[in-house]
Amino acid sequence: MVKSLRTDKINGVVDIEIHKDELKNIVQSVDYMKDKVKEELLEDLPSSKEGRKRLDDYAALKEDLRKILEGLH
Numbered sequence: 001m002v003k004s005l006r007t008d009k010i011n012g013v014v015d016i017e018i019h020k021d022e023l024k025n026i027v028q029s030v031d032y033m034k035d036k037v038k039e040e041l042l043e044d045l046p047s048s049k050e051g052r053k054r055l056d057d058y059a060a061l062k063e064d065l066r067k068i069l070e071g072l073h
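Those letters in the sequence shown? Residues 1 to 73, by this note's numbering.
No lab work stands behind these hints: they were computed from the structure.
Mixed in with the good hints, there may be bad ones.
Unchecked claim - Distance condition first, Cα-Cα at most 20 Å in a straight line; then the derived PhoX-like pairs of lysine-lysine:
no., residue 1, residue 2
1, K36, K20
2, K67, K49
3, K34, K3
4, K67, K20
5, K62, K34
6, K38, K20
7, K49, K36
8, K38, K53
9, K62, K38
10, K34, K53
11, K49, K38
12, K24, K67
13, K24, K34
14, K24, K3
15, K24, K53
16, K20, K62
17, K24, K36
18, K36, K62
Note that the coordinates shown come from a computational prediction; the quantities given were computed from them, not determined experimentally.
Kindly generate the complete structure, drawing on both the sequences and the hints.
Take a look at the structure:
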């Protein structure tokens, strides 16, 4: 559950405070989404530019969240 939420509408930035276990769940969910996109790309060869971009975005998000999670240990 979100503990606090701050938004900066002008800059389009959102700060969310959540529990460490919830962050773990989010990382697992992003990893699942990345795997699903990868499967879709492999099924629909040649893959689309948009699909590859989405896969790259999920992989980057997972890595960023993983680094944050590691910083909590």
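**Q.** K24 paired with K36 [C-alpha distance capped at 20 Å]
**A.** holds (19 Å)
Q. Taken at face value, is the distance from the CA of K53 to the CA of K24 at most 20 Å?
A. Answer violated: K24 to K53 is near 24 Å, above 20 Å.
**Q.** Pair hint K36 and K20, alpha-carbon separation not exceeding 20 Å
**A.** violated (25 Å)
Q. Is the Cα-Cα distance between K62 and K34 20 Å or less?
A. Distance ~9 Å between K62 and K34 Cα, so the pair holds.
(Q) Just to be careful, I want the Cα atoms of K38 and K20 compared with a cutoff of 20 Å; is the pair within it? (A) violated (27 Å)
Q. Taken at face value, is the distance from the CA of K3 to the CA of K24 at most 20 Å?
A. holds (16 Å)
(Q) Next pair to validate is K38 with K53; report whether the Cα-Cα distance is within 20 Å. (A) holds (11 Å)
Q) Going straight from one Cα to the other, do K34 and K53 come out at no more than 20 Å? A) Distance of about 11 Å is within 20 Å: holds.
Q. Are K24 and K67 close enough, with their CA atoms no more than 20 Å apart?
A. holds (11 Å)
Q. Does K20 pair with K62 here, judged by a C-alpha cut-off of 20 Å?
A. holds (15 Å)
Q: Would you check the hint for K62 and K38, treating anything up to 20 Å between C-alpha atoms as holding?
A: holds (14 Å)
**Q.** Restraint status (C-alpha distance of K49 to K36 at most 20 Å)
**A.** Roughly 16 Å between the alpha carbons, so the hint for K49 and K36 holds.
Hints 1, 2, 3, 6, 15 from the earlier list are contradicted by this structure; the remaining hints agree with it.
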